[in-house]
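Number of protein chains: 4
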Amino acid sequence: MTRIAILGATGYTALELIKILLRHPGAEIVALTSRQEGNPPVATIHPSLNSRLDLSLENLAPTEVASRATCVFSCLPHGVTASLVPSLLEAGCRVIDFSADYRLNDPDIFAQWYGIKHPDPDRLGKVVYGLPELFGDDIPDAPLVANPGCYPTSAILPLAPLLRAGLIEPKEIIVDSKSGVSGAGRTPKLTTMYAECNESISAYNIGRHRHTPEIEQILGTVAGTAVEVIFTPHLVPMDRGILTTTYSRPTGEVSEEKVLQTLRDFYADEPFVRVVDHLPGTKDTMNSNFCDITARIVRNRVITISCLDNLIKGASGAAVQNFNLMYGHPETTAL
Amino acid sequence: MTRIAILGATGYTALELIKILLRHPGAEIVALTSRQEGNPPVATIHPSLNSRLDLSLENLAPTEVASRATCVFSCLPHGVTASLVPSLLEAGCRVIDFSADYRLNDPDIFAQWYGIKHPDPDRLGKVVYGLPELFGDDIPDAPLVANPGCYPTSAILPLAPLLRAGLIEPKEIIVDSKSGVSGAGRTPKLTTMYAECNESISAYNIGRHRHTPEIEQILGTVAGTAVEVIFTPHLVPMDRGILTTTYSRPTGEVSEEKVLQTLRDFYADEPFVRVVDHLPGTKDTMNSNFCDITARIVRNRVITISCLDNLIKGASGAAVQNFNLMYGHPETTAL
Amino acid sequence: MTRIAILGATGYTALELIKILLRHPGAEIVALTSRQEGNPPVATIHPSLNSRLDLSLENLAPTEVASRATCVFSCLPHGVTASLVPSLLEAGCRVIDFSADYRLNDPDIFAQWYGIKHPDPDRLGKVVYGLPELFGDDIPDAPLVANPGCYPTSAILPLAPLLRAGLIEPKEIIVDSKSGVSGAGRTPKLTTMYAECNESISAYNIGRHRHTPEIEQILGTVAGTAVEVIFTPHLVPMDRGILTTTYSRPTGEVSEEKVLQTLRDFYADEPFVRVVDHLPGTKDTMNSNFCDITARIVRNRVITISCLDNLIKGASGAAVQNFNLMYGHPETTAL
Amino acid sequence: MTRIAILGATGYTALELIKILLRHPGAEIVALTSRQEGNPPVATIHPSLNSRLDLSLENLAPTEVASRATCVFSCLPHGVTASLVPSLLEAGCRVIDFSADYRLNDPDIFAQWYGIKHPDPDRLGKVVYGLPELFGDDIPDAPLVANPGCYPTSAILPLAPLLRAGLIEPKEIIVDSKSGVSGAGRTPKLTTMYAECNESISAYNIGRHRHTPEIEQILGTVAGTAVEVIFTPHLVPMDRGILTTTYSRPTGEVSEEKVLQTLRDFYADEPFVRVVDHLPGTKDTMNSNFCDITARIVRNRVITISCLDNLIKGASGAAVQNFNLMYGHPETTAL
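In the order they appear, the protein sequences are chains A, B, C and D.
Once you know that position 146 of the first sequence is 146 in the numbering used here, the rest is easy, because the numbers rise by one and skip nothing.
Once you know that position 275 of the second sequence is 275 in the numbering used here, the rest is easy, because the numbers rise by one and skip nothing.
Once you know that position 277 of the third sequence is 277 in the numbering used here, the rest is easy, because the numbers rise by one and skip nothing.
Once you know that position 85 of the fourth sequence is 85 in the numbering used here, the rest is easy, because the numbers rise by one and skip nothing.
Treat the hints with care, since some could be wrong.
[Claimed, not checked] As a list, the in silico DSSO-like pairs of lysine-lysine whose alpha-carbon atoms are at most 27 Å apart: (1) A:171 with B:171; (2) D:171 with C:171; (3) C:117 with C:189; (4) D:171 with C:258.
These aren't lab readings, by the way, just hints derived from the structure by calculation.
When you get a sec, could you build the whole thing from the sequences and use the hints?
Right, dumping it as structure tokens:
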């Protein structure tokens, strides 16, 4: 039984994480942190946890966390995590980090996209990117795992096999993503108020969303060459789910069947990627750790469609998948 | 006061059309047709029309329609309209057709995409495409206007000025569209049941949506050369609204400001196209006849974003805009 | 042409009001106030107004407002309005107030429910309650009209005729209301974040919602005796609309038809109340100034169902209806 | 390991049931029936089951079902189930029936509300009503369990303890319920089309919903006297969830705390009923088998609020809870 602490437990990804861990036979949640005043019981923040988890939110220092837990899931914002991780690792904890702090290899690129100097730059480039379908071999022994972003997972999973197989050009890949609103977090702001975003779809952060360098870096690693994506995220009036439509140019003649078979072969042994023939909708993957993928060829362009639940496969489910690999559980436990 | 008949009055576009015409000082609705049994009052089919329109649905032949009305809006399905239009025109009616029957110039392309032999092939190629922003000069005298499809309007308005100005390549234009559910019509089917499409986004008919040849034909006319689009429609959980994201390759060096200025200039005198600097959402245009457009350049790709209400600017509002031009009303009357 | 100022122009009711007034032939909007910094153009706050209203938000004192406008619509919060109204009236403006400040007759009841001492207590009891269906005769000459609350309108319209006719008991009337989220205003808060209230329905403020005394006072006036309601508001995942279900006890034997006929007779000459036989949904009244009402008898209880658009008949539409009566326009102008 | 057949596997409750049973250590799904042609794989009907359940839908006779399975969950419509159950029981199967066929004790009342003569009238009155919180002792040995309706569960759980304690009058109990759209089933019809019911709330079947006699019978059993409810269901634009607001008259002086304590005491040992102090929303119980309940006193009326997921605690979760009791598993297994 692994003793687990969750840092930043008031948000949506923490809530999903708690729900998954509550049904995990090898996990015991022992601490939840937050800067909320007064140590409120977690169920006052997340009423769905009533009678399910009898813990209070506490404002704990890393040493206090480490004295209770051996595994730490950090749902803290970008920048904050990397200021705590060194202490946690030093104190012997293993860390699964939901923030972007350890996803990029280059502190300059981090600074450029996140607007802050990285607090722990020397570790960059040495941290495992926690996408088990690509880096599963490195995860079991990792002291620190950078849990992927939700958009990157939805873009990398369909594109990686095609890039690795050399079927598509690495430049000018268009990634047109559509996400539910929970991806924007739980802090009240005008743009995610119900009456603002309901019954509306809009694009945002075109060409400057922070997940862009993450997608490019990971796909570049896979492809063995620099990859360039044009990334356009959209906000869709639904709670959860991401559908990503990609458009890329084939390197040569390629059939739809060849593309689909390449995807099927690549993920043949992966329990959470389903290569399907039909056009999937996000609801097919809602509340699950699946990513559904298909592909089409139109006018000699390769189009992929991928769907996942941004809070599960795009965050907390992936984190538990990493946890399972790190602690020797079957990869699908509790998922 | 123009006496108006609406054919196929049970659907969503007919309902919107009625609501607009009820506030039009130059229009009087005198007949509503449907194959519903028993001539039900229209308010039993559209309860929002209670106390607003005291007409019943009737199953009328073209001659009966023509004996009452001088202007006919046809909201009938593809194939049906073209079997009635010749009689209506012969009887002296002017017709605004919501179906695709008279949008394409080539009966073979019609047959290929709509799966039926065109019932009135000789008229194809001589009918005005009722997009006033492009073909406004031809509309005032037209006996028959082919009202544009909702997706085509959302794709043509942002792309036409750029193609005409030679700023973008006419090939490999990606049109990634996202539509609310009312676009799928009012006939009950599984895919548009609430519990199926709510909280889900999905792509459909990739590469084979019937609006593809319509977009290509009109843009080709504008560009003076063949245009090829890769069109991917998506179904979004909202009642109404289309957001279209296009990706195209510039013909040369071009700045974001140049693209925006080209759009602004092109639509400077158009009352219903708003070229904006911010990224618009469909809600900005909901229940209005506006189409909001903006553009960005990312990694040397031109991206346009356009928003409109599929039932208004994408259907019934555009129809009344055409009606206004045909009958000498100010273009914005009742809109 | 009446020159109009709108105070507190950043919210949803102000936006709806502007849209209605823009199509009103006798109204010209000349000033919009807000405490927003920097006098932003109104279209930066409400993008749907782009190209439709070329005014900026200004932080204006009452005298400045009065120097420009003759009619003032105040969409300011409770408490704030009543501190400005005396100056506005003194300066010769007529005021239509969306807040609750002048709805209650008794300053003690105001203090009890709103938690503040009333800033202008002497005027209470002398202000017309702007529900034209009940107090239409007093509105044309009123310098100040208290525009009704959204819930009260939905509860008063079905119950008033039955109380006045003595058909139902004035005690233990249950008012179970269901409202869309826009009723909660535009200020970001956790409870009205999309991912919180979407896909959820909840009750709130049971027995202590501030609209309770308003409903009781107006119904008491109508009934000529004290009326007691048990008011339970619910938050429903939709943008707009209120459906109110009331349960009351008949004073004697009464048939469903008698109840319906009493409602029909009472509203026979009212353009915006539709007494219908079917069970209406809020969508039937969306974007309109209608209130749809029906009634049923179950186990000797009178049940009424009423629907309206909280932003139109529940706020801005009613305000323009009042404006029409105050300034001699046909009651339905622009509505 | 119990071999399980699910009859009528194409609907929403069957899908939820399958998902729950897939994580149940003591259940193996061995047969799925449907009258769909061609024995399609279940994943073609429910794409979310791709790679999770490799079974096809078959049109099986009761004897064929019984030859494979020992426990049968029937998700068939009313009337159909009772024509199959006798054969299934005779063949040695135990049956959990989702339909209303065995919920009512009196065949005449069944005929009156369901419009058909009961196919198996002699069994009525001898079947356990599968609400474990009330009839848990009778479930372990039951060959046939009548799984409760979704609305009844939401109304009975808050009212039963108060009636049994004699705190409220058994007459004139108002049950105002609000349900998500999945409760209306998966068969396409106009009223549950997305663009019809989205952004709208409406009441339906007031005073004549078939769950009325079920609520009255069970509450009557609990109270030891006839109970009369006025039941008003509403359709809310959300996938799932029921919130029920009840209004009843106390038999004497009673405090809010007394009501709450009565509820707390009654459900002290029940794992799936949470008596809470705050006002719960349906989202608190979404995707879970919980029913959250609270109470308020307003003007001497007892108000209860209860929330549950209509597809889980209102259907498939309750069914598995019954299965657990019938087959000796801990009551919370897989829930």
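**Item:** Non-conforming hints, listed in increasing numerical order
**Value:** As far as the earlier hints go, not one is violated by this structure.
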